[in-house]
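Put together the whole structure using the sequences plus the hints.
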Amino acid sequence: MLAALCVFFVYPALSALHTSFYDWDLLTPPRFVGFDNYRAIFGSGELLASLGTTLLISAVVVAGSSLLGLALALAVHRPGRLAAAARSAVFSAYVVSWVSVGLLFLWIFDADAGIVNRALGGLGLAPVKWLTSTRVAPFTVALIVIWKVTGYAMVVFLSGLAALPPEVQEAAALDGAGPLSRLRHVTLPLLRPTAAFVGTTSLIASFQLFDVVRLLTQGGPVRSTTVLVYAIYEQLFRDLRVGRASALVVVFFVSLASLTWLKRRLFREEEPA
Amino acid sequence: MIGERRWQHLALGFAFVAGLVWLFPYVWMLLTSFKTPQELVKAPTALPGALRATAYLEVFRALPVGRYLLLTTVMALAIALLQIAIALPAAYALGKLEFRLRGAAFAFLLSALLIPAELRFVPTFTLFSALGLVNTLPALVLPFAVSAFGTFLLRQALLQVPSSLLEAARLDGASELYIVYRLLPPILAPALAAFFLISFVHHWNDYFWPLVMTVDDSVRTLPLGVALLREQGSGVRWHIVMAGNVLLSLPALALFALGQKHLLRGLGRNVG
Chain U
-16 MLAALCVFFV YPALSALHTS FYDWDLLTPP RFVGFDNYRA IFGSGELLAS
34 LGTTLLISAV VVAGSSLLGL ALALAVHRPG RLAAAARSAV FSAYVVSWVS
84 VGLLFLWIFD ADAGIVNRAL GGLGLAPVKW LTSTRVAPFT VALIVIWKVT
134 GYAMVVFLSG LAALPPEVQE AAALDGAGPL SRLRHVTLPL LRPTAAFVGT
184 TSLIASFQLF DVVRLLTQGG PVRSTTVLVY AIYEQLFRDL RVGRASALVV
234 VFFVSLASLT WLKRRLFREE EPA
Chain P
403 MIGERRWQHL ALGFAFVAGL VWLFPYVWML LTSFKTPQEL VKAPTALPGA
453 LRATAYLEVF RALPVGRYLL LTTVMALAIA LLQIAIALPA AYALGKLEFR
503 LRGAAFAFLL SALLIPAELR FVPTFTLFSA LGLVNTLPAL VLPFAVSAFG
553 TFLLRQALLQ VPSSLLEAAR LDGASELYIV YRLLPPILAP ALAAFFLISF
603 VHHWNDYFWP LVMTVDDSVR TLPLGVALLR EQGSGVRWHI VMAGNVLLSL
653 PALALFALGQ KHLLRGLGRN VG
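Just so you know, the protein sequences line up as chains U and P, in that order. Oh and the first sequence: position 139 is 122 in my numbering, straight run, nothing missing. Converting from the second sequence to my numbering requires adding 402 to each position, the first position being numbered 1.
By construction, these hints were calculated from the structure, which means they are not laboratory data. There may be inaccurate statements among the hints.
Computed beta-carbon distance windows for the label pairs [said to hold, decoys possible]:
# : chain 1 : residue 1 : chain 2 : residue 2 : range
1 : U       : Gly203    : P       : Lys444    : 27 to 33 Å
2 : P       : Gly534    : U       : Leu173    : 52 to 58 Å
3 : U       : Leu245    : P       : Gly505    : 23 to 29 Å
4 : U       : Thr11     : P       : Ala659    : 30 to 36 Å
5 : P       : Lys444    : U       : His168    : 39 to 45 Å
Glycine is no exception: its CB is placed at the ideal position from the N, C-alpha and C atoms.
Structure below.
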């Protein structure tokens, strides 16, 4: 098992680091170029911009899906058919493939014939360039991702809610605490570990976004939705620059690792000693 | 208490609206798939005039749907079974056996959980192209043979199994191999079912890896094929794209409906 882990995780990681010091197009032998690939990455604004785009979309997705997931979990954490149906509906999006979701929203957000713009037109509002404006497109992508992944956050929060000891709620209710103050002073503080887990896992997941970008915008318009993984894909399969793609992989991993570390530190420091 | 009652109504109202927001896209996909090109041009948001299957026939004409379905299923099944076959002994070793570096091995496993697949794809791709395996079924299956998540999930489930049970089996002369592959699976059935569903659906749906690893129809999977529907042909094709989309999402949704209980339990369990 350890050997297998080495083959599939450690070898690629070290190999990416190694290759990032070479210039290689897969056809001719690799040529050692030292830090040239890194210099190129940090020298051209385009590649750093994709890091910024990734951070922007990740921030919107993590905040949006966690808050919505928490609100939904609180709303459907009760017996009854309506709550069960809503649970299934929201979670189903998590099970459907990114291709389905991408194509579906490409149609729904179509600038001319899409139902969203038609509905806006029906209300007498101007159509929105959901996927063709550099300012709107990153948020449209984030919105679609939120639709897709909120079910995951909801399910994790639901299991967090189910694990809370019911006596605490009952005691607070006996003491005369209303639903809102019970939520604020009892439920939410107890859900903190769950929230940390949801935050970390959705951060990792949103850093890896690729399918939805490839299907909806191909990184455009004007690279406004070119996230890191999409930039890596372009370097490798469009430009055949294995070395530079590997250097991007290293940058990608270092930024994700430091973000995760930063988040853990912040969470720990907030906790009362 | 009035507060409780109002709170209850508010929550259910919110749940109802959310349900609509999440169900509407599916309904829209289904409705669009029954429309004609003329209807789409004239009034894209009107209801279809009749329930026509023409768009579906068009999908079957444009794509080898049966072939894609078979290949995607074989691939996802192979990955899920391979992952379970490897994760079972690994989880057993990490959960129930005493050995010197067990703590270190488990920490190593946890850190592997944090390494995203995207870190691996550039070197894995160059490795497979060096081996001449691009555009083959092994290239779609082998990179996923080891699942750190699956090992972790099964190990957590194994911790609930009393060691005395395994001790008794050993006294009866059971070999370690027998314990891992015969004795444990029925005991771990709920966790195994959850992990199988998660893994199968995930890889059945996967777009990125088959996109990178396949060149032509010989090993192309269904999500790739359906994504191609949009790029082929010209004119108004949304009804065809949506028909393909219905075919693509239906199996995943059906599997979800059947195994919802296991799936949710599996996801919920890895918390805390």
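Exercise for review: State, for the Cβ atoms of Gly534(P) and Leu173(U), whether the hinted interval 52 to 58 Å holds or is violated.
Suggested key: Distance hint for Gly534(P), Leu173(U) holds at roughly 55 Å.
Review point. Okay, Gly203(U) versus Lys444(P) on CB: inside 27 to 33 Å?
Key: 30 Å, holds
Point to revise | Cβ separation of Leu245(U) and Gly505(P), checked against the hinted range 23 to 29 Å | key: 26 Å, holds
Check your understanding: Per the hint of 39 to 45 Å, is the separation of the Cβ atoms of Lys444(P) and His168(U) within bounds?
Key -> This hint is violated: roughly 57 Å between Cβ atoms.
Practice item. Given the hint of 30 to 36 Å, check if Thr11(U) and Ala659(P) actually sit that far apart at their C-beta atoms. Key: Roughly 52 Å apart at Cβ, these two residues miss the hinted range, so it is violated.
Checked against the numbered hints above, the structure violates hints 4 and 5; every other hint is satisfied.
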